[in-house]
Structures are given as C-alpha cells and as structure tokens.
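Colleague: The lines below spell out each chain.
Protein chains: 2
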Amino acid sequence: MENSEPAAKTSKGIASTRKIVVLRWGHRPQRDVRLTTHVALTARALGASGFILSDTVDQKIKETVEKVNRNWGGEFLFEMGKPWKTAVKDWKIQGGIVVHLTAYGENLQASDALKRIRSLKKDILILVGSQKVPKEFYSEEVSDFNVAVGNQPHSECAALAVFLDRFFEGKELTKVFGNAKIAIVPQKRGKKTRVEC
Amino acid sequence: MENSEPAAKTSKGIASTRKIVVLRWGHRPQRDVRLTTHVALTARALGASGFILSDTVDQKIKETVEKVNRNWGGEFLFEMGKPWKTAVKDWKIQGGIVVHLTAYGENLQASDALKRIRSLKKDILILVGSQKVPKEFYSEEVSDFNVAVGNQPHSECAALAVFLDRFFEGKELTKVFGNAKIAIVPQKRGKKTRVEC
Chain A
1 MENSEPAAKT
11 SKGIASTRKI
21 VVLRWGHRPQ
31 RDVRLTTHVA
41 LTARALGASG
51 FILSDTVDQK
61 IKETVEKVNR
71 NWGGEFLFEM
81 GKPWKTAVKD
91 WKIQGGIVVH
101 LTAYGENLQA
111 SDALKRIRSL
121 KKDILILVGS
131 QKVPKEFYSE
141 EVSDFNVAVG
151 NQPHSECAAL
161 AVFLDRFFEG
171 KELTKVFGNA
181 KIAIVPQKRG
191 KKTRVEC
Chain B
1 MENSEPAAKT
11 SKGIASTRKI
21 VVLRWGHRPQ
31 RDVRLTTHVA
41 LTARALGASG
51 FILSDTVDQK
61 IKETVEKVNR
71 NWGGEFLFEM
81 GKPWKTAVKD
91 WKIQGGIVVH
101 LTAYGENLQA
111 SDALKRIRSL
121 KKDILILVGS
131 QKVPKEFYSE
141 EVSDFNVAVG
151 NQPHSECAAL
161 AVFLDRFFEG
171 KELTKVFGNA
181 KIAIVPQKRG
191 KKTRVEC
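Protein sequences, first through last, are from chains A and B. So in our numbering, spot 160 of the first sequence is number 160, and the numbers just go up one at a time. So in our numbering, spot 157 of the second sequence is number 157, and the numbers just go up one at a time.
Next up, chain A with everything else stripped away, as it sits in the complex (with noise of 0.2 Å):
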C-alpha cells in the first residue's frame, strides 16, 4: 500500500507499533457484503492499520468503512481492486511478512507460531480467505505462516479478531481513535455518547 504511512499514527495505545493490514481474498460482491464489512470493521476496531479487497470493488464496502472512519476516527486505509498476488509481492518488496489464516495451519494455541511471528518484527499482511483459497496461499512464496486459530471450520472474521486480540494482547480494545465525531462511554447498562470536539 503505497500511501500506508498514516496508519502508523493510529497505533497509539497498542501494544506493538508495527504495521498489521489485511487483505481479503474472494470476496463476491452482493453475496458477501455484510461478511466482508464485518471482516473490514474487525480489522480496524481491533487494531489493523488497513484493509484490501482484493481482486475485486465493491462500492458499497468502501462506503461503508469510510463513513466509520468519518464517524468514529482513526486512520484506518481502504484499498481495493489490486490483484492478491500484486498485493503480496509488494508487501515483501518492503520488507514485511505474510500470515495466511486457515484452519489447517498450525494451531495458535498448541503451536508456538505467534512467538515466531512476533519475534522477527516485521510489518504483517494477513490473508483471510474463504474456504477454498488458491494452493499457492499456503506455499513459501506467499505465506510465511499459515495459522489456524484452532483447526475446526468457524469463520474468517473470527478468525481474524482471536488473531490480533493475541497479537495486540488485548490492548487494541482501548486504543483511541483520533479525531472522532463520536465515541461510546462504557456503561454497565444502556447507550451512552459523545460527541468529540
């Protein structure tokens, strides 16, 4: 992502300053829409820098993350229509590594494979497909690790939000998004605002 640099303002109050975007593949426009959203919403609440969508646009997703973002702050990117493979290359190209989520990957509990992700400090782009990705996401030229987090069929937006609540050690949960229009005060009962500024 060519113009990612921002993001990395957004990570204050997270536990590790490197850059997390996901990317995910095999989107189908209608059909998926609300799961894609969730997926993208759960990116961002829990902690990514960015999103792609890749190989495919779909309006509707944009404008919908966007508005979260006008709403709601931070610097959450949105990028889609670029190839997976394009967006992979590119990735390593700057020096990052690709984590493939999928349930035949080493279990993220029994495995010490976050201790291995983390310890090598690099920027992480993570594939989140649907059940029949390419081969190719589970070979060596494109995923450094392919995890499961726990070897049963559930969902990728599951999936993706254990990840980096381990990643992040739960301190994504109070990060604050800067120059928000609006922000919830916890309540032990009811609905409760602001609005910011």
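The hints are simulated quantities; they were obtained by calculation from the structure and are not laboratory data. Among these hints, one or two may not hold up.
The list treats identical chains as interchangeable, and a pair is accepted whether it falls inside one copy or across any two copies.
[As the list claims (entries may be wrong)] Capping the alpha-carbon separation at 16 Å, the derived lysine to aspartate or glutamate pairs in EDC-like fashion look like this:
| # | residue 1 | residue 2 |
| --- | --- | --- |
| 1 | Lys181 | Glu66 |
| 2 | Lys92 | Asp123 |
| 3 | Lys89 | Glu140 |
| 4 | Lys115 | Asp144 |
Quantities reported herein were computed from a predicted structural model and do not represent experimental measurements.
Let chain A serve as the given structure and place chain B on it in line with the hints.
Modeller: This is chain B only, laid out in the frame that chain A set:
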C-alpha cells in the same frame, strides 16, 4: 434449552466446565444467512455448547450447523424459533446468567467485567444482536452484564470470538470434538485431514 444436558460432555479440554449458549437475535433470513452461520460456527468452534436462533427459523442455517456437527463432531446444540424473551426467562429460571455483547457496554479490556462474570460460576447465555437491539437487552431484567469487546463498531462474530477465547483462556482452540468423521492435522504448509474411525 430443555435438551441441553448432553452438551456438557463436549467440554473436555476446556478450562471451564460451565455451559455457554449463544443467542442470536435479529436474524433476517436470506440477508443474514452467511453472517449468522458464521456466528453459529464460531460459537461451536470456540467452546460454546449451543446456539439459539431466536424469533425466526432458517432451515439453511440449521442444515449447515448439523452438517458440520456430523462431519466434524462434538455435541453442539442448535435451536431456532424460540422467542428471545422465553429463552432468557427459561435460562434464568435454571440459574444461568445473561451476558449481552454490545459496543456500548463495559470494556472487556479496561474493566473487570470478565472477572466478575467468572466469579459467579454460572452457566452463561450470550446475547448477540445487530446494531439496533431492543432497549430491554440493556435492562436488569434481561442482561446481568453488558460487555463491549472494544467500544468501536465492528462485528458480533468477532466480539463473540474474542469473548469466548478470553473466557476459556485460549484452551477452547485445542478442544477435542468426539465422534468426528473428519479432523484436521495441523500443518505448517498445505492441507491435511484424517478420517476418524
């Protein structure tokens, strides 16, 4: 859930033997089918004992969950059509507590909500909805806790995943699902499964 006893047997390898059931409110057949399926499969894969699709029926989701159960094992319960008020009432009569996941609630990271929930040592019904749930969800009559997996808008699927991962302290990711026809053999590269018995 009247027939929920067998679910307790699925909790081998999980930190807590307490039962967690997820209630999904506000599902719109067709429009939400993929998202609600992901929520149900996340509940199953991350250690919950059952799932209630409240106030509506959707055969497609039922079939998917049952197919996953048949192939991948475990004794995850699926129920649909029950009004949410009845489900909550029944749960409380049986001595369980209700945790409503909402971006407006107590921050899971910044508060001691999880500690207080755990200290009660009771079965938990987790309510997950869409953005506009009935006001009553926040009231003492319904929710014992309103918990936010971060106070930013994102996804009920992601919120559920993080809550379950923290509640079970990660151990749910290595849970063994009995009576499976197929199981994944975790790999650093490629896809490997084994056929069970």
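Colleague: Within, between, both or neither: how does the pair Lys92, Asp123 come out at a Cα-Cα threshold of 16 Å?
Modeller: within (10 Å within a copy, 47 Å between copies)
Colleague: If the cutoff is 16 Å on CA atoms, where do Lys181 and Glu66 land: within, between, both or neither? Let me know, please.
Modeller: within (13 Å within a copy, 44 Å between copies)
Colleague: Up to 16 Å between alpha-carbons, please classify Lys89 paired with Glu140: within, between, both or neither.
Modeller: within (12 Å within a copy, 53 Å between copies)
Colleague: Are the CA atoms of Lys115 and Asp144 at most 16 Å apart within a copy, between copies, both, or neither?
Modeller: within (13 Å within a copy, 36 Å between copies)
The structure meets every hint from the earlier list without exception.
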